[in-house]
Amino acid sequence: MARLPAPGSVIVPDWHESTEGKEHLSSILRKNRRRVFGLLERPVLPPQVAADTASYKIFVSGKSGVGKTALVAKLAGLEVPVIHHETVGIQTTVVYWPAKLQASDRVVIFRFEFWDCGEAALKKFDHILPACKEKTDAFLFLFSFTDRSSFEDLPAQLSRVAGDVPNTVKMVIGSKFDQYMHTDVPERDLMAFRQAWELPLLRVKSVPGRRLADGRTLDGRAGLADVAHVLNGLGEHLWHQDQVAAGLVPGPQESSPDGGQG
Amino acid sequence: MAEESAAGAVHLLCLAASSGVPLFSRSSRGGAPSRQQLPFSIIGSLNGVHMFGQNLDVTLRSARTEDSAVVWKTFHDSITLIVLSSELGCAELRLERLLELVFGAMVLLVGLEELTKIRNVERLKKDLRATYGLIDSLLVDTELAGDLTQCVDCIIPTHGPLLQEALAGFAEEMGSVFASLVAGGRVVVGTEGWWRLGAPEAVLLPWLVGTLPFQAARDYPVYLPHGSPMVPHRLLTLTLLPGLELCVLCGPQPPLSQVEPQVLERWWQPLLEPLRACLALTPRGIPAGFPLHPDILGLLLLHLEQRRGLFTVDLGGEEGPSPSARRRLLRSFYVLVTATHFPPEEKAEEPGCPTGVPRACYVVCGAAAEGPQGRQDPGAGLRLVAVQAGPRRLLLLVSARSPTYALRGLATRTLHALTPLL
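Chains as they are written, first to last, in the UniProt record's numbering: chain A, 1 to 262; chain B, 1 to 422.
The reader is advised that the hints may include incorrect statements.
Said to hold, decoys possible - Pairs of lysine-lysine, DSS-like flavour, derived with a Cα cap of 27 Å: (1) A:124 with B:117; (2) A:124 with A:22; (3) B:125 with A:124; (4) A:124 with B:126; (5) B:126 with A:63.
In short, the hints are calculated from the structure, not lab data. Remember, it's a predicted structure, so these values are computed and weren't measured experimentally.
Only chain A is shown next, with the shape it has when bound in the complex:
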C-alpha cells in the first residue's frame, strides 16, 4: 500500500479560487456553464498558459442506489437524473480539471475518465467488470450515509473489485452527507474503517446544484466549487502514484516514518 500523500501536499488546494486558477477554469466553462467535451475535443488554453494533460481512468464502484451516476454527473457538471434507475451497461464520463502542482509550480490539466456501471448489469454480463478494470488507474468506492449496508459492503467490494490490483489508487466516498440527520454511518465507524484500511475518505453532499439566473441551467462555477475537493483529492493521489511508479518520490517500502498522513 503506497503511503498516502497528505491533503494539499501535491496540489495547491484553493488554487482554483485564485486569479490564475480562474483563468484556467475558463477553459472548461462557457458562459458560466460547464463545457461538455466530445472525445475529439479538449480544453483550449491561450498559448502562454498552455499546460500538459494527464489522463486517468477511474472505475466507480458501489452498491446499487448509492449514487454513482449522480456523483459522476455532479463532477461533470451535468444534470443529475431525477428518476432513479439502474445504469444500463457501462457509461463513461470525461471531466477535465486544471490544477497546480505544489512541487514544481506547474499547471496540469487532469483528464479523468469515470467508468460507471449498474450493479445488475455487472452481475448479468460477464464482459463489464473486466472492461471497467482493464488499465484502470483508480477505484472510487462509494457508500451512502443513508444506507448502512452500502458501508458494510465496502470491505467485500474492495476485495472483490480491487483485490487483485494492489498498486492502484483507491478512494472511498460517502454520498448523501447532507442527510446527516438520517445517517446510518456514525463517525466512530468511519474512524475505525479509516484506521483499518488506510484509504483516503471524502464526503459529498447530494444537494441539487445552484442554477444560473434563468433558473434552469446549472451554474458551472458554483458546481466546480462544490466538487473541487473531490477532483483535487483524486488528482493528488493519482499524480502521487505516478511519481512513485516513476521512482521520483519514495514509495511504500522506502518511505520515511515522518512523511505520513496529515
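Put chain B on the given structure of chain A with help from the hints.
Relative to the frame of chain A, chain B by itself:
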C-alpha cells in the same frame, strides 16, 4: 390552432396480461412529459373491458369517444399495452404504431424473455424503469417522424462519401458490420450492415441514442426486437462531438476499453470539419444551400424501400406557424394520406399496384376550425400536398400564398430535386 391541439393528453398503461398487475404508466400533456396519472379505477376498467372481450374470444382493438381514442394491444399473451389519447387528430394508426414501438422499446432494453416469462413482477417493474426515458420521448413532441412513419430519420450530410468511407474503415477495425453516426436521433451515415437492421430496431436504436443523457461513451446491452430478442448485443456509443455519436453494434468483442482515444483520433480527427458540419445540419437536415421553393414550410420525404426518411420544418420562413405546429400538421397529414389515400407502406412495393391508387393529393387547412377564440389562426389556408413516385413519398407543408393549382407541380419538382439525396 396547433398550440391548443397540444393541450390534449396521452396516457400509456402497461399491465401484465395474465394478472392485470400494472407494470408502469407514462403520460404526457401538451406535448411534454406529465406526472398526472389516470385513477386506478379507470386503469382497471380499461383493462377489464379488454379482458372481458378476450374471454369471449373477441379482441377489442380500439374505441373512440368524442374527444379521445383508446387502443389496446396484447403482446405475446404476456404484456398488455393501452394508450388513451385526447390529442387533437389522434388517429388509431398513430396509436397502434406507438404501441408497437413502445413494446419494441421494452424488448430493446429488457429482453423478450423477461417480458414473456414473468417470474418476479417487482423485479420486472424495476428493470422497466430503464425504458422510461425512451418511452416518454415517444409520447411527447418530437423533431423526428420515425415513430409514425417506421422509417429511420436521416440527415443528409454535405460530405457523405468522406464520412461513409471513414465509418466503414472504423467499423472494420472494430470487427463489426453495424456502425453509424447519429446526430440528435437522426442517422447521418450508416454502414451497409446498419441499413439492413430490421424494424423496429432500425428506428429505435438512433432514437434511444438521441434520448440518453450526455456521456462520453457507453457500452449498452440491447436486445434487437426483430433480429435478436433473446440474446443481447452491445451497442457502443462514442461521443465524437457533443450531439454527434458514433454507434457500433457488436457481440462480445471488442471491449469498450479497447476503443481508445488514439483509435478514434486516427479515424476521425482528420474529419473534424465535416463532422462539425453535420451538427450544423440539425434540425434542418439538408445542406443550407439546397434550393427549395421559399413557399415550402416543411417537408417529409420517405423512401419506402430503404425505410429512410427526411423530416424537416426548419427551412426558413419566419411567418406561419411555429416549428412544432408545422411538425404536427405534417404528421397528421401523413396519418391521413397513409390511412385513407395511399396504400400502407408495407404493400407499396408489391408488384402490380392497382392503377387506381392516387399518386397525389392535397388539403387546405380550414380557418379557425381549430383556432383559438378571437386570435388570428396562423395555420389557416396552409396547404398540405403529397405525391408518390416509385418508392418515394413526399409530403409538403406549403404557405397559404401558394396557389392550389401549382401545388402538384411544386411537389413533383421538389421530389425530383430531392431524389438524389434519399
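*With a cut-off of 27 Å on the C-alpha distance, tell me whether residue 124 of chain A and residue 126 of chain B pass.*
Between residue 124 of chain A and residue 126 of chain B the Cα gap is close to 15 Å, so the pair holds against 27 Å.
*Straight-line alpha-carbon gap residue 126 of chain B to residue 63 of chain A, limit 27 Å*: holds, 16 Å
*asked:* Check whether the Cα positions of residue 124 of chain A and residue 22 of chain A lie no farther apart than 27 Å.
replied: The hint is violated at about 44 Å.
*Take the C-alpha atoms of residue 125 of chain B and residue 124 of chain A, compute the straight-line distance between them, and say whether it is at most 27 Å.*
Holds, because 17 Å separates the two Cα atoms, which is no more than 27 Å.
*asked:* Just to be careful, I want the Cα atoms of residue 124 of chain A and residue 117 of chain B compared with a cutoff of 27 Å; is the pair within it?
replied: holds, 17 Å
In this structure, only the earlier hint numbered 2 is contradicted, and the remaining ones agree with it.
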